[in-house]
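Colleague: Each chain, letter by letter, is given below.
2 protein chains.
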Amino acid sequence: MRRSERIVAVTKILTDQPYKLISLNYFTERFNAAKSTISEDLSIIKKVFSVEKMGKIETVSGAAGGVRFIPDRGVKDIQNVIDELCECLSDSTRILPGGYLYMTDLIFNPALMDKVGEIFATKFSDLGAEYIITMETKGIPIALMAARALNLPLVSIRRSSRVTEGSVVSINYVTGSSRKIQQMSLSRRALPEGSKVIIIDDFMKAGGTAKGMLDLMAEFKAEVLDIGVLVETAQPTDKLVEDYTSLVVLENIDDFKEEIIVRPSSWVTNLK
Amino acid sequence: MRRSERIVAVTKILTDQPYKLISLNYFTERFNAAKSTISEDLSIIKKVFSVEKMGKIETVSGAAGGVRFIPDRGVKDIQNVIDELCECLSDSTRILPGGYLYMTDLIFNPALMDKVGEIFATKFSDLGAEYIITMETKGIPIALMAARALNLPLVSIRRSSRVTEGSVVSINYVTGSSRKIQQMSLSRRALPEGSKVIIIDDFMKAGGTAKGMLDLMAEFKAEVLDIGVLVETAQPTDKLVEDYTSLVVLENIDDFKEEIIVRPSSWVTNLK
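Chains as they are written, first to last, in the UniProt record's numbering: chain A, 1 to 272; chain B, 1 to 272.
If you're looking for bench data, these hints aren't it; they were derived computationally from the structure.
There are no misleading hints in this set.
It does not matter which identical chain is meant; a pair holds if it fits inside one copy or across any two.
The calculated lysine-lysine pairs, modelled on DSS-like cross-linking and capped at a C-alpha distance of 25 Å, are: (1) LYS221 x LYS239; (2) LYS76 x LYS272; (3) LYS76 x LYS53; (4) LYS47 x LYS123.
Model the full structure from these sequences, guided by the hints.
Modeller: Put into structure tokens, the structure is as follows:
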């Protein structure tokens, strides 16, 4: 195999499995090539990814070492994705009766959620998380794509317990905005005690659901490293949780003027 | 840029966006290269993908033409993934009280579901579907990854309607095994009338849920091209739906002997 051919295959193998450490031996055996040859291939890929802002190629030395692809979206790229998302969200036909915002189609758009997942993966790359936690239903696509980009298992909290989950831990929580008492539950075997986790969800208004998720994580003695939400509302400014990162801020929905005002979050605009 | 460098970037761009048609002009402009040069790059990538069974590179000619990556898993690869999945599923600690099978961890494992999604994409590639349809909650990860691999939007049916969905169509259905009446609903705006769809779900026992989904699709005048399920039970052999493709067959769960018997489906074993 010539370099230009082998390098295509190596690129595909690396990017197919984000964060997965692949030994140099795997490549030398699969392509019947010398270690030095594969090393040169890898440094070309590394250089191209760096110049073209396509992510990082990380080499881990030592016996258990190898090489891996780390999704890492550039600042401009992140800002473009979020600008595009804000434009979609500000379409006034998204206003539902009661002043709600229809965003289900965007949340179930795999190409868009792939990008959003990689943005969260870029933000949370250095925290050493072991699990991504979300809440059914609409949190799942975003969290799954983030978990994919971080090569972590996803754990989805449920609104009701089911027979196919085994023994569960349930808590009651109060939704922050409508003050309703609701229940959330998680299978005991879904999350080992003492895990390090990141919470990712689609929407935050007052933060009642996020607060409930923190309480449930405390039952599992989990350490919550950070919280990511796709869209937060500007009001109320006092949320029930303090530390979180949103990508988009929903400023206002004017049912009468048929106007939706959304903007990139300060985390997005302050990226450098 | 040298060929070995450019070809890395072109590979990444193509594989990042399955099924998305990218014009040759995009590549010539981005890499400041002649059309003939890019064409040579593409034929190298095409050849490598074919030899290494990494998917297809398809060229569409004409003014609206371009090139795209089509995920296409080889037979051996599909059989290996399903064998591995069967081995995981046959672990007797997965038996839950009542003789249920715990498979939530596998369904929320992004790396595994990525592969399963590509297997469904390989199976359903030529049908001309416009939407992937699933049922919350556990159908979502599988269906989302299949939708990603096919570059199609996902539409998730809900068990209860919510204010953030707008007007919905609801139907009652009878679960095939436990004979309970349940409700499923779908937002009117989630699916245009007359769409061509593929249904993907995690589990089929008697097929009551799948039958309900077919009925709901009829309300939307949708044409259901095929149904894919990750796991079907061997019993009952008479399902309420006729045409579907499963990947894994759950033969038996013996609560007393602590034994789970699963095997690849005949579609998987008959692949050539």
